[in-house]
Amino acid sequence: MADPRFFQRHGPFTLGDLAKIGEAVLQSPESGSKEIRDIGTLTDSGEDQISFLDNRKYVSAFSQTEAGACVVAPRDVEKAPADCRLLVSDAPYRSFALIVQAFYPLPATVPGIHPSAVIADSAKLGDGICVDAGAVIGEGASVGARTHIGANAVLGTGITIGADGRVGANSTLECCDVGERVQIHPGARIGTRGFGFAMDPRGHVELPQLGRVVIGNDVEIGANSTIDRGMGPDTVIGDGTKIDNLVQIGHNVRLGKHCVLAGQTGIAGSAVLEDFVICAAKVGVAGHLTIGAGTRIAAMSGVTKSVPAGSTFAGVPAGEHRNWLRKNALLNRMVKEQE
Amino acid sequence: MADPRFFQRHGPFTLGDLAKIGEAVLQSPESGSKEIRDIGTLTDSGEDQISFLDNRKYVSAFSQTEAGACVVAPRDVEKAPADCRLLVSDAPYRSFALIVQAFYPLPATVPGIHPSAVIADSAKLGDGICVDAGAVIGEGASVGARTHIGANAVLGTGITIGADGRVGANSTLECCDVGERVQIHPGARIGTRGFGFAMDPRGHVELPQLGRVVIGNDVEIGANSTIDRGMGPDTVIGDGTKIDNLVQIGHNVRLGKHCVLAGQTGIAGSAVLEDFVICAAKVGVAGHLTIGAGTRIAAMSGVTKSVPAGSTFAGVPAGEHRNWLRKNALLNRMVKEQE
Amino acid sequence: MADPRFFQRHGPFTLGDLAKIGEAVLQSPESGSKEIRDIGTLTDSGEDQISFLDNRKYVSAFSQTEAGACVVAPRDVEKAPADCRLLVSDAPYRSFALIVQAFYPLPATVPGIHPSAVIADSAKLGDGICVDAGAVIGEGASVGARTHIGANAVLGTGITIGADGRVGANSTLECCDVGERVQIHPGARIGTRGFGFAMDPRGHVELPQLGRVVIGNDVEIGANSTIDRGMGPDTVIGDGTKIDNLVQIGHNVRLGKHCVLAGQTGIAGSAVLEDFVICAAKVGVAGHLTIGAGTRIAAMSGVTKSVPAGSTFAGVPAGEHRNWLRKNALLNRMVKEQE
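Protein chains in written order, with the numbering used here: chain A, 320 to 658; chain B, 320 to 658; chain C, 320 to 658.
Just to be clear, a hint being listed does not mean it is correct.
Where chains are identical, the list cannot tell them apart; a pair therefore holds if satisfied intra-copy or between any two copies.
Derived pair list, reagent style PhoX-like, types lysine-lysine, alpha-carbon separation capped at 25 Å [claimed, not checked]:
id, residue 1, residue 2
1, LYS624, LYS646
2, LYS624, LYS576
3, LYS376, LYS624
4, LYS353, LYS646
5, LYS398, LYS376
6, LYS624, LYS655
These are calculated hints, taken from the structure and not from any lab test.
Please model the entire structure based on the sequences and the hints provided.
Put into structure tokens, the structure is as follows:
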């Protein structure tokens, strides 16, 4: 049960409603009127809750669940307990996520501007925005409708952010144009100066960084992550890309659509990640590389060369994941033989 | 000498007082009335200062110290200069730390709420708290007695923090319950949204994160570290655990009591660290693992499997530290042979 | 073209002016009166723009450039198109950076203190400073002339920062003395408590951290980076050193002059980096080591022993870069042979 201090439950919903919301199919049309009050896990749910089976490790828990309803893939329908109502989906986790969003939507923005917020006269404010205490919005900045600006966040001169966004407390946006439905978590730094110098024995000479950060729609940027603006070209984050906490994105980087970058990953300047690239935690990608679409990079890998689309890479320097496994096995064997 | 702009010295103390404070034994009871005015190092201390010997690398400095008094282990008593008064302790570094705390305690909280702080009417404020300029405390939040909220920190709706805490400037607390005597350093982000999605070719679907962060007593959380709230269960940080700067703790992680996580470490979702686990700097722990009690993990290691209690692990993927040393030695030998 | 919402172009300048600014030599003195309006790349520049050639990969683009002028090294002068005016420099990238700074200088500080800033009566404020909304300046703190304090930044009691500095929005300075012309980017944490404890089975005992952070002139500190104050000695950052985003500097560390630390690097307590050390991204340096002057450390390396001056190191544990290459080649060969 989600703590009501922090999360407000909506509903109840009928199972018929939830089938539509979750883009799933009711196994028995007559169960469509069954009322569901909450989501839950396979093991703790009761008659008025809905759960799901995705990872087949949990098939036996599924077979014994007392949940009133479950989302399940077609192949697992027959494992269900007799009295459990089923929503059948080819992507049960996705369907369940959509259902959880229905029960626990992001809280609607409550329009209002706190009197302690500091907003430049020339800022353009969309309808229904909320600006929390101490937030600062600079000259000419533009905030889209229903966007929520958290407490003590700072939006610099001229930046734009689209509708239905969420800017976390204590975050900073400079030199950027941000799309719609973007979530920026607390402490993120967007549009900061890229790390560009002419290195020189007389002292390094700063190269002004004259680009922006351009962020698409439906992007998420984690807490305390940093995205530097471009040096001349822009730094670009594609639609639907999800960035975890403490991630560093260097100047001129271009992330495609629907990439996923896990915590503490770093992408060096001018690297290109095509669509649907996944970086597990603490990955490093060197500058000026191209990582092909759909590539998956294992945690703590360091990528030093461009990677063809669809690869699975691991290691430092990163190579094909299967070669990395072989190297590890070989070394382990050799060490054992020496004992 | 600590800079008096930043640190206020208390005292003087008699050596008898310091023996009690440091849980140590006066070697010569008659030295109990000796007055000590400050702490210092073995090489820079004078007659009215106290120093310590812990690391035996410094035995010769100890033998020549001019400090008026020293904390020392029983085995090293005989190395002391003739005129140095001794406090004997089985844990000299610990005893010394307690003594330093007496001379330089955390500054007492000066009660008061800055007029520019923004505090919701429904917030519950303990006696003697201090709220600095620009801090924001949300609806229903609760702050324990004598807790200090730093400038421009943001405490979200409904959070709780116990007595004698310190919340650093520009930090953010959301969806969390925090114990007593907890230090949260500037820029830390507690209770942010965990990184949970149903990944999908149509676009990743966010899974609402409905848990909290629950932090025990006597915990320390470093500057700009991030602790995500749980997905449904809570993220839990055990009593006495110390977390350094720029550390990432994923959703549902459970850290035991008295763990130590050095800078830039990352613990992925749903991992469990039992009591007294030590992660050196930049360690990565993969999701859903259990690290047994008392395990020590070397800097920059990547742990990919559960680890038995009491292990010493190193490498990526991490294994027994002695095997890691062997692998490195073997590789070095082989490279040499090829020259 | 830099976006005028974010960057104001100065100029135009004559090529004679730019030669002086860039410390370069006009190839044809008669071109000194040519007027230049902007900078640009080799491929997108027109008759009134100046570009440069540094990396010889771009020689063919240089040979076809339509830029009105170019900065170029003596060896490449002959590759220039006939009608391109040349500024000849032994360090073309440096010369160009100086020229870009002339066209796009850091915006001058507009003097003024926002009414929502909170400044202690005993703070010492230099002439022409700018303090943005919500910034907090503590008792006895001192801010040098023309220094800009960003919105919601927090400067603690007694800290000092010299003239012509820039303190980013939402950053925090405590227990530190900062030189002139220092740029601190948003969310940086300077002077936070070092990670010092006496570890103990009864619970770790905090050792008060009684030193400062001392930062030289012309230093840059990246967004969300953290620099802990010393334990007793100070943490020291030498003149001209450049620190990227999300970098961690432990207590008592001493960085020399003109070091460069790329993103997500971490330097553990009491390590010493001599002058002109370069750490690429995600480097880790263990505590109490000395890295000799001019050493270069490859990305993602973990340095576990002191390093002689002028080295190029790589790997975990780090060794000579050429040995690291050999180890990788050897392992790759062995794995192939096994197939």
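Going down the list of hints, with the structure as the test:
no. : hint             : result
1   : LYS624 to LYS646 : both (19 Å within a copy, 18 Å between copies)
2   : LYS624 to LYS576 : within (21 Å within a copy, 32 Å between copies)
3   : LYS376 to LYS624 : between (36 Å within a copy, 17 Å between copies)
4   : LYS353 to LYS646 : neither (55 Å within a copy, 61 Å between copies)
5   : LYS398 to LYS376 : within (13 Å within a copy, 62 Å between copies)
6   : LYS624 to LYS655 : between (32 Å within a copy, 19 Å between copies)
Violation of the numbered hints given earlier is confined to hint 4; every other hint is satisfied by the structure.
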